[in-house]
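Visitor: Protein chains in written order, with our numbering: chain A, 1 to 294; chain B, 1 to 294.
If you are wondering where the hints come from, they were derived from the structure by calculation, not from laboratory data. It cannot be assumed that every hint is accurate.
Note that the list lumps identical chains together, so a pair holds whenever it fits in one copy or between two copies.
[As the list claims (entries may be wrong)] The list that follows gives simulated cross-link-like pairs (lysine to aspartate or glutamate, EDC-like), each with its CA atoms no further than 20 angstroms apart:
| no. | residue 1 | residue 2 |
| --- | --- | --- |
| 1 | LYS27 | GLU136 |
| 2 | LYS4 | GLU193 |
| 3 | LYS291 | ASP236 |
| 4 | LYS91 | ASP190 |
| 5 | LYS278 | GLU222 |
| 6 | LYS287 | ASP262 |
| 7 | LYS27 | GLU208 |
| 8 | LYS80 | GLU38 |
| 9 | LYS4 | ASP221 |
| 10 | LYS27 | ASP253 |
| 11 | LYS291 | ASP262 |
| 12 | LYS27 | GLU225 |
| 13 | LYS91 | GLU182 |
| 14 | LYS135 | ASP236 |
| 15 | LYS80 | GLU51 |
| 16 | LYS92 | ASP176 |
| 17 | LYS80 | GLU182 |
| 18 | LYS3 | GLU255 |
| 19 | LYS92 | GLU211 |
| 20 | LYS287 | GLU277 |
| 21 | LYS92 | GLU277 |
Since the model is a prediction, treat every value here as computed from it, not as a measurement.
Protein chains: 2
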Amino acid sequence: MIKKVAITGGTHGNELTGVYLVKKWQKEPDLVRRSSFETLTELMNLQAIQEVRRYIDQDLNRSFDLRDLENENLQNHEAKLAKVINHRLGKKGSSRPNVDFIVDLHSTTANMGLSIVVSNEHPMTWRAIAYLSMKEPRLKVYRWAGDVENAFVDSIAPSGFAIEVGAVPQGVLRADLFLATEGLVYHLLDFIEQENRGSVLSLPESIEVYEHEALVDYPRDENGEIIAMVHPTRQDRDFAVIEQGDPLFLGLDGEVIYYQGDEVRYTLFVNEAAYYEKGFAMTLTHKVTQKIPH
Amino acid sequence: MIKKVAITGGTHGNELTGVYLVKKWQKEPDLVRRSSFETLTELMNLQAIQEVRRYIDQDLNRSFDLRDLENENLQNHEAKLAKVINHRLGKKGSSRPNVDFIVDLHSTTANMGLSIVVSNEHPMTWRAIAYLSMKEPRLKVYRWAGDVENAFVDSIAPSGFAIEVGAVPQGVLRADLFLATEGLVYHLLDFIEQENRGSVLSLPESIEVYEHEALVDYPRDENGEIIAMVHPTRQDRDFAVIEQGDPLFLGLDGEVIYYQGDEVRYTLFVNEAAYYEKGFAMTLTHKVTQKIPH
Numbered sequence: 001m002i003k004k005v006a007i008t009g010g011t012h013g014n015e016l017t018g019v020y021l022v023k024k025w026q027k028e029p030d031l032v033r034r035s036s037f038e039t040l041t042e043l044m045n046l047q048a049i050q051e052v053r054r055y056i057d058q059d060l061n062r063s064f065d066l067r068d069l070e071n072e073n074l075q076n077h078e079a080k081l082a083k084v085i086n087h088r089l090g091k092k093g094s095s096r097p098n099v100d101f102i103v104d105l106h107s108t109t110a111n112m113g114l115s116i117v118v119s120n121e122h123p124m125t126w127r128a129i130a131y132l133s134m135k136e137p138r139l140k141v142y143r144w145a146g147d148v149e150n151a152f153v154d155s156i157a158p159s160g161f162a163i164e165v166g167a168v169p170q171g172v173l174r175a176d177l178f179l180a181t182e183g184l185v186y187h188l189l190d191f192i193e194q195e196n197r198g199s200v201l202s203l204p205e206s207i208e209v210y211e212h213e214a215l216v217d218y219p220r221d222e223n224g225e226i227i228a229m230v231h232p233t234r235q236d237r238d239f240a241v242i243e244q245g246d247p248l249f250l251g252l253d254g255e256v257i258y259y260q261g262d263e264v265r266y267t268l269f270v271n272e273a274a275y276y277e278k279g280f281a282m283t284l285t286h287k288v289t290q291k292i293p294h
Numbered sequence: 001m002i003k004k005v006a007i008t009g010g011t012h013g014n015e016l017t018g019v020y021l022v023k024k025w026q027k028e029p030d031l032v033r034r035s036s037f038e039t040l041t042e043l044m045n046l047q048a049i050q051e052v053r054r055y056i057d058q059d060l061n062r063s064f065d066l067r068d069l070e071n072e073n074l075q076n077h078e079a080k081l082a083k084v085i086n087h088r089l090g091k092k093g094s095s096r097p098n099v100d101f102i103v104d105l106h107s108t109t110a111n112m113g114l115s116i117v118v119s120n121e122h123p124m125t126w127r128a129i130a131y132l133s134m135k136e137p138r139l140k141v142y143r144w145a146g147d148v149e150n151a152f153v154d155s156i157a158p159s160g161f162a163i164e165v166g167a168v169p170q171g172v173l174r175a176d177l178f179l180a181t182e183g184l185v186y187h188l189l190d191f192i193e194q195e196n197r198g199s200v201l202s203l204p205e206s207i208e209v210y211e212h213e214a215l216v217d218y219p220r221d222e223n224g225e226i227i228a229m230v231h232p233t234r235q236d237r238d239f240a241v242i243e244q245g246d247p248l249f250l251g252l253d254g255e256v257i258y259y260q261g262d263e264v265r266y267t268l269f270v271n272e273a274a275y276y277e278k279g280f281a282m283t284l285t286h287k288v289t290q291k292i293p294h
């Protein structure tokens with residue numbers, strides 16, 4: 001039984017879709033109210049939202065590692081904020097959490113369309129994703145592992161995921177992606193309402209998931225400076241196949257760099273602005289079939 | 001006779017096309033060297049480039065008003081930087097300027113394609129634009145007047161303009177727009193070389209120009225908060241016609257706001273990230289025919 005759901009926006013202050021959806025719902029809470037559970041709507045990083053920046057001191061969505069939450073020496077803006085949020089919406093790992101399900105709203109400059117980033121194995125998480133996939137055929141699912149693991153906002157509740165939509169620049173509100181994200185959240189709330197009531201839902205037996213494989217960085221010089229761009233034929237090709245010999249990067253000097261991997265992969269988060277500093281130009285994934293628990 | 005040309009990038013630190021083109025040319029100066037004039041390549045706002053931000057204290061590309069350049073009380077980062085740049089690449093209004101022509105490289109989150117933003121009436125400016133229009137049929141020309149006038153980087157030299165390409169998110173380098181901008185700059189240098197040598201160029205007699213008419217802000221509440229988004233049917237429609245009754249904005253609450261103007265206009269800079277804080281969602285223009293001086 002889900003008793004409390006948190007819809008969180010503005011975890012990254014320059015991802016406006018979630019910021020403005022939460023503002024909308026805080027004005028019109030009836031839109032996200034359902035009878036069998038309580039819905040919280042939260043703007044996460046108010047200072048970063050104010051400054052239209054991803055973060056002030058460190059990435060809030062990499063700040064929920066359990067050891068970091070318990071480390072009193074970490075006292076910068078986001079480290080402190082993570083502790084406050086964990087107290088309110090966690091606590092992470094608790095057997096009596098304050099919130100049962102977190103959906104964290106993100107956007108990306110990559111052409112990810114409508115996607116879910118999941119790093120949680122709770123049956124409710126996967127049943128919810130299966131329901132959304134049924135309602136929104138464009139939805140794609142990425143099982144994340146990457147630069148910092150198990151440190152996302154949604155990791156502090158037993159179940160949940162991030163919704164990731166794009167392409168949209170940082171600091172821009174795009175109506176089409178706003179409406180699509182809004183629709184996904186309403187489907188999610190309807191799903192939880194039906195689960196709580198014990199409705200028999202005919203969910204798919206399995207869904208297709210893009211499973212994380214590797215991070216690929218931009219070619220850089222000895223000072224860490226980027227010396228190549230995502231190749232024009234790879235730009236915007238998220239959830240698209242890449243095979244040995246496909247152009248991957250184009251050097252600033254014009255040299256083409258080809259993909260050398262033996263295996264067929266799918267590229268995600270291609271040329272995302274926020275990942276230049278993290279050191280990756282895209283992620284490589286393979287497709288797996290994920291069974292949906294019944 | 002043009003003796004010195006400056007190619008400037010990184011006037012806005014999060015517009016990477018110009019930043020990486022200038023870095024390329026500083027490594028390979030032969031690419032922009034021509035026999036009849038000297039070419040300077042300049043990274044403008046190093047601290048903003050380092051921080052991948054548009055600016056530190058104020059917009060550098062609004063900091064070249066003559067009165068501001070002469071006002072010793074203005075001492076924030078960009079106000080001081082503008083004075084230094086004006087000393088090196090100006091001086092603005094001087095009869096013996098250090099640089100004859102400035103091309104300032106920009107990018108935009110709006111779908112502006114390949115465009116020129118001009119606010120200069122020098123014959124050389126317009127002949128250069130005519131030449132580029134001939135070489136690059138996709139090129140569009142916008143005669144700017146807007147929030148702050150005659151304060152652009154290129155205003156400190158007798159002739160020049162900004163190249164503005166999009167759509168590309170802030171903090172992202174897109175290969176296609178990098179290559180297109182690079183091509184435009186080579187055409188410009190070739191043009192100046194031919195002019196200097198007295199070659200007879202068969203330029204068009206006139207070109208089409210989008211002339212600035214008005215700024216349109218997002219609908220806002222009493223606190224200045226945005227309460228509507230660019231309507232999905234207007235998003236990405238730069239250099240596109242707008243007529244009375246066309247959907248203009250979509251309220252966060254779902255209400256459609258229609259364009260009320262009597263005259264047919266063309267929308268530019270639709271939903272540019274950097275203009276949220278400046279208070280405009282797009283600019284309205286009308287088309288004029290610009291004669292090219294011979």
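Visitor: Look at each hint and say if it fits the structure.
Guide: Hint check:
{"no.": "1", "hint": "LYS27 <-> GLU136", "verdict": "neither (26 angstroms within a copy, 49 angstroms between copies)"}
{"no.": "2", "hint": "LYS4 <-> GLU193", "verdict": "within (11 angstroms within a copy, 70 angstroms between copies)"}
{"no.": "3", "hint": "LYS291 <-> ASP236", "verdict": "neither (29 angstroms within a copy, 39 angstroms between copies)"}
{"no.": "4", "hint": "LYS91 <-> ASP190", "verdict": "neither (25 angstroms within a copy, 65 angstroms between copies)"}
{"no.": "5", "hint": "LYS278 <-> GLU222", "verdict": "within (17 angstroms within a copy, 39 angstroms between copies)"}
{"no.": "6", "hint": "LYS287 <-> ASP262", "verdict": "within (15 angstroms within a copy, 54 angstroms between copies)"}
{"no.": "7", "hint": "LYS27 <-> GLU208", "verdict": "neither (36 angstroms within a copy, 46 angstroms between copies)"}
{"no.": "8", "hint": "LYS80 <-> GLU38", "verdict": "neither (26 angstroms within a copy, 54 angstroms between copies)"}
{"no.": "9", "hint": "LYS4 <-> ASP221", "verdict": "neither (49 angstroms within a copy, 31 angstroms between copies)"}
{"no.": "10", "hint": "LYS27 <-> ASP253", "verdict": "between (52 angstroms within a copy, 10 angstroms between copies)"}
{"no.": "11", "hint": "LYS291 <-> ASP262", "verdict": "neither (27 angstroms within a copy, 58 angstroms between copies)"}
{"no.": "12", "hint": "LYS27 <-> GLU225", "verdict": "between (45 angstroms within a copy, 13 angstroms between copies)"}
{"no.": "13", "hint": "LYS91 <-> GLU182", "verdict": "neither (27 angstroms within a copy, 53 angstroms between copies)"}
{"no.": "14", "hint": "LYS135 <-> ASP236", "verdict": "neither (25 angstroms within a copy, 27 angstroms between copies)"}
{"no.": "15", "hint": "LYS80 <-> GLU51", "verdict": "within (18 angstroms within a copy, 23 angstroms between copies)"}
{"no.": "16", "hint": "LYS92 <-> ASP176", "verdict": "neither (34 angstroms within a copy, 44 angstroms between copies)"}
{"no.": "17", "hint": "LYS80 <-> GLU182", "verdict": "neither (30 angstroms within a copy, 45 angstroms between copies)"}
{"no.": "18", "hint": "LYS3 <-> GLU255", "verdict": "neither (56 angstroms within a copy, 33 angstroms between copies)"}
{"no.": "19", "hint": "LYS92 <-> GLU211", "verdict": "neither (24 angstroms within a copy, 57 angstroms between copies)"}
{"no.": "20", "hint": "LYS287 <-> GLU277", "verdict": "neither (27 angstroms within a copy, 42 angstroms between copies)"}
{"no.": "21", "hint": "LYS92 <-> GLU277", "verdict": "neither (28 angstroms within a copy, 37 angstroms between copies)"}
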